[in-house]
Every structure is written in C-alpha cells, then in structure tokens.
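Asker: One letter stands for each residue in the lines below.
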Amino acid sequence: MHGEAAQVSHVIFGWDPFWVSTALFAATYVAIISDRINRAIIAGLGAVLMIMLGVLSQQDAILGVDFNTLGLLTGMMVIVAITRRCGVFQYIAIWSAKRVQAQPWGILLMLSVVTAVFSALLDNVTTVLLLAPVTLLITAELEQDPFPYLFAEIMASNIGGAATLIGDPPNIMIGSAVGLSFNDFLFNMAPVIPIILVVTLFIIYLIWGRGLHASSEARQRIMSLQEGEAITNPALLIKSGFVLALVILGFLFAHPLKLEPATTAMGGAALLLLLSNLGHGANKQSERVHRTFGEVEWITIFFFIGLFIVVHGIERAGVLEFLASRMIEFTGGDMTITALAVIWMSAVLSAVVDNIPFVATMIPLIESMAPTFGGPEQLMPLWWSLALGACLGGNGSLIGASANLIVAGAAEQAGHHISFVKFTLIAFPLMLVSVAVASVYVYFRYL
Amino acid sequence: MKLENILIPTGVATPGMLIRDVFTECVRAQVPAIPFRDENGELTGRVSLRDTMKKSCLPEYLVEMAYVLGNQLSCTEDAEEKAREVLCQQVDEYVMPRLYSLTTDITVIKALAVMEKHNSNYAFIMDDGVYKGVVTTLAIARRMIALDIICSKPE
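Which chain is which? The protein sequence lines are D and B, in order.
For the first sequence, the numbering used here begins at 146 and goes up steadily by one.
For the second sequence, the numbering used here begins at 68 and goes up steadily by one.
Note that these hints are calculated values from the structure, not bench results.
Among the hints, a few may not be true.
[Said to hold, decoys possible] Heads up, simulated DSS-like pairs for lysine-lysine below, C-alpha to C-alpha not over 30 Å straight-line:
{"hint": "1", "chain 1": "D", "residue 1": "243", "chain 2": "B", "residue 2": "121"}
{"hint": "2", "chain 1": "D", "residue 1": "243", "chain 2": "B", "residue 2": "149"}
{"hint": "3", "chain 1": "D", "residue 1": "429", "chain 2": "B", "residue 2": "184"}
{"hint": "4", "chain 1": "D", "residue 1": "429", "chain 2": "B", "residue 2": "177"}
{"hint": "5", "chain 1": "B", "residue 1": "122", "chain 2": "D", "residue 2": "567"}
[Claimed, not checked] The following residues of chain D were derived to be distant from chain B, with all beta-carbon distances above 12 Å:
{"hint": "6", "residue": "493"}
{"hint": "7", "residue": "519"}
{"hint": "8", "residue": "555"}
{"hint": "9", "residue": "578"}
{"hint": "10", "residue": "581"}
[Said to hold, decoys possible] Some chain D residues judged to face chain B by a derived CB distance under 10 Å, without partners named:
{"hint": "11", "residue": "232"}
{"hint": "12", "residue": "239"}
{"hint": "13", "residue": "282"}
{"hint": "14", "residue": "288"}
{"hint": "15", "residue": "363"}
{"hint": "16", "residue": "478"}
From a predicted model like this one, the values you see are computed outputs, not experimental measurements.
All C-beta atoms, glycine included, are put in the ideal place defined by N, C-alpha and C.
Using the sequences and the hints, build the whole thing.
Answerer: Following this line, the structure appears as structure tokens:
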C-alpha cells in the first residue's frame, strides 16, 4: 500500500514514513485545535520535523508550498492595509445606516449586505475588523444589544467570502491548487451566495428582527454621526480605489492576460505602494513601507507555509491516497454521494476546526480521487462542494472562522461577552440550513 | 541641568484611594501620573490620568471611530453623572504596571530617551528604593526656558 513511499524516503531509524507522517500530522492538528500555542509556531514546527525526521527533503518541502496562494494572500493584505487607512469602510457603513433612517432592522440588513460585499471583494477578516467598531458604536447609540447585529455580520462575512476567489482563504487555496480563476468562482459560487444570504437574514429576522426598536432620540444620534470625517485622506481613497479596480479587472481578465492571481495581487500591491509613497523622501518611504508590511498578517502566511509542508509530507507518504481510497469505498465511487459527503463533512468539520488546515488536507485528497472519477476535469463538483462546505462551515461555531473570533474579541473589549454556547446554539442550525441550500444548488447544477 | 532640580515631588496612590484624590494630586503637582504603593509598602504600579480616563470612559470602538463622532452621543448626555461615577470609584482596578524608574544621578537626555522608549511623557525617580518624584517632558521644557537663553533671529 505504501511501500513505494517508504522506499524513496529516508526516515530516521528506518521507520515507516506512512506512520511517522501520520503521527506528525495528527500531532500538528491536535496542537492547532487545542489553541494553546500560536498556530504559526505549531505549523512551523510540524514542517521542520517532517524534514528533520526524513519524511521530506528540504527541496521536496519547498515544492509543497503553494506560492500562488501565498502571493495572492500577501498582495491582497498589502492592498487592504493601505486602503483601510483612508476610512472608506467606516464611511460606507455609517452612510448605509443613515440611508435607512437609522431603523434598527434596516441597519442590521445594510451592515450585513455591506459586510458580505466587502468580504467578497477584499477578505472577510479585514471587513469585520473594520466594521465591528462601527457596529458597536451604532448599537451603543441606539441602546441596543449588539449581539444580533454582530451575529448577522459574522454570518454575512463567511457567506460573502465564499462568493469569490479572494473572499476566503479556502477559495484561494482551492483556486490555486486546481487552477480555477476569479471568473470560475464568480460563475460557480456567486449565484448561490445571494440566496443563502437572503435565507440566513430571513431567519435572523424571525429570531430578532421583529423585536428591534429604537427611540427617535437614539436614531437621531446615529443621524448626527459625521461619516464624511471618516475619509481622512481623499487622495489615498482615489489611489486605493483605482488600484483595487485594476486588481479586480486583472482577476476578471486573468485568462486572456495570462496572469496568475498572485501576479495580479502582488502587482496591485506594488503599484499602490508606489502611488501612496510618491512625493515622500527615501527615509519616510522606508518608514511607511515598513509600517505597511507590519500590517501583513505574517502569522497567517507562516501558518500556510508550515501547513503546506506538513500536508505535503502525508501526501508523499501515501496517507492521503489511502484516505481517498477509503472515502471512495465508503461512497461506492458515486459522484453524487461523494460530493454531498464532501460538502457536509467540510461544513461540520470547518465549524469545529480551522478550515485552512482542513482544506489544505482535502485538496490533495480530492486530487487523488481523479482516476476513480475519470480524470481531474470530472472533479469539479467536488471542488465546489469543498469550497462551499469549508466557507459556510465557518459559521457553525464561534471558533469556526477567524472573522468570528475577531468580532467576539471586539465585542469583549466593549464589555459585551459573546459566549461560545449562545453563539453556536443559533449559528450551527443556521449553518446547516445554508449548507442544505448549497447542497441543493450543487446537486441540481453539477450532479 | 540636573534631574534632581527638575523632578516634581508628589504623593502616591494607595489601595482603596478614590480616583478623585489621585486626580486632585495629579492636578496639584501638574503631572500626568503618580506611583501606586501596595499594602506591603512597595511601589508596584502607577495610576495615570490618560489610562484612567481611557479605561473608564473610552471603549476601543469609540477611539476607532473618533473622527465620525457627532455632538449627540448617549455617553455625553449626562456627563456630570458619568464624572461622579468615575471619580468616586476606588483606584485599585485602574492601576497600571510599573514603568522603568530612573535615579536622580542620570542625565536629562537619558531620562528623555527612557520616556521615549516607553512612549511616555513622564518617568518616576527613585533612589535606593525611595520614591523621589516624577520627571515630565513639560518640567524639562520649563527648566530649559528658565535658562533665559537669548536667541538671535536667523538672517
């Protein structure tokens, strides 16, 4: 079963690479789930041990790192780090609250839609990081419990992020590994996302919407907020908007332009860095570039690097091939059952473990099913099932996605504790509803 | 310019003291903070005007949204009541960790460098474990002006 892998590896003491890599992978996963040590440290240690114990050579390990994913993530992080400084996110959030005359349900609806759209076009973590303070301010002034509003934003951020290639890390990873473009995600994922968002918001309305009321004095306080003051640097707003539009166009026309997403994102990042530093002296430029790079989430980047290597280790040792064959045995090699198993398993597991390591593991596992289903091109239903399951599954619990934890942290700082149990009791069934809608979509469109 | 000529002697905060009394001492001595002495007589922390106001009145989201705040805010509708609520609290939960303290024999430039390192505009001075006072950037500036230096106008 895994004799060939054992022959090409040089694991210390002649141990079987299958079991060494499995043990390392399991230990890495357990350590990530336990959340006692920073995840970038754990992934880094796991990766180094894969090499030091002889499962992989250093060259093999580097081959396992998907630089397209890293480039896309880093490029978008730089663009977002610069763009957020001009205050446009806060401006739009407050503007939209005023558009509905500061009616509580209208605000919840508008903030959710704004969150979903920003999450699709940027990334959901940054979106909630910027919108949570606005929400806390608005709910404090409306004298409302912020929980329904923050809850709706968390749901919207993970749903909206599922719509595009760049919206959520699982999509970036799947897109990069399979060679799916921005347009592929737009044509295949985006159609079902508005439906899921509407269904989710309707349920939220049934739970809280009818009970949301605010006095006219409280609403007047919202109407007195000065959203124009949020735009602290109009010139930067124009530059950021220009570059962001170029990047989106680059993603849309990636195929005729023969551009990988990482090239587009890194190109946009370099251009925005250039535009935002024009007119400053060399020292000032260094200081500003240093500050921007400091805002890149290096923990996430190094987490990815380590994970890619750990997963590459079990892939090379034949573990994923073994698991794939067991899964096909379980589903009887039937595409419909396999796709539905992937979407539901992805959703439930992504609710309880970080969806990034899960998707990193699932990608090579699904790739190794290609011979059973008649080639890589036949696997598309499985890729869309994985993307939908992993992104929507993030809504299943408070620890299901980074965005959820960021909102909970912001609420905690403002004195509003969001309990894991309270959140999960409402979020998990809602997530199941959204996955049911996604399953129906996958079934009728691809199976 | 010696540090001992610049430092400002102040009282210290103690367990159970009211915020009002700490603020009174800071305003009297014109310093942004005073040290905190625990039940064992050790200087274990500090109470600053800025940190106390931030902790009692400024949740993070208000700071984040500072530019857009309008003139009608729920928290400003009864400012006097809020002030009373803050001032009448005990100081204990507003004690911040102790900063690096200086001695009277160091140079003013070192004092400034240490303050800069801590992103602060004050530092506590202690000799042999005995609290002497606070040095502030304002006090250093006051001392510089007192030198009565005459500046010639640039041509």
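Asker: Taking the earlier hints as the rules, which of them does this structure contradict?
Answerer: Numbers 8, 16 - these are the hints that the structure violates, sorted from lowest upward.
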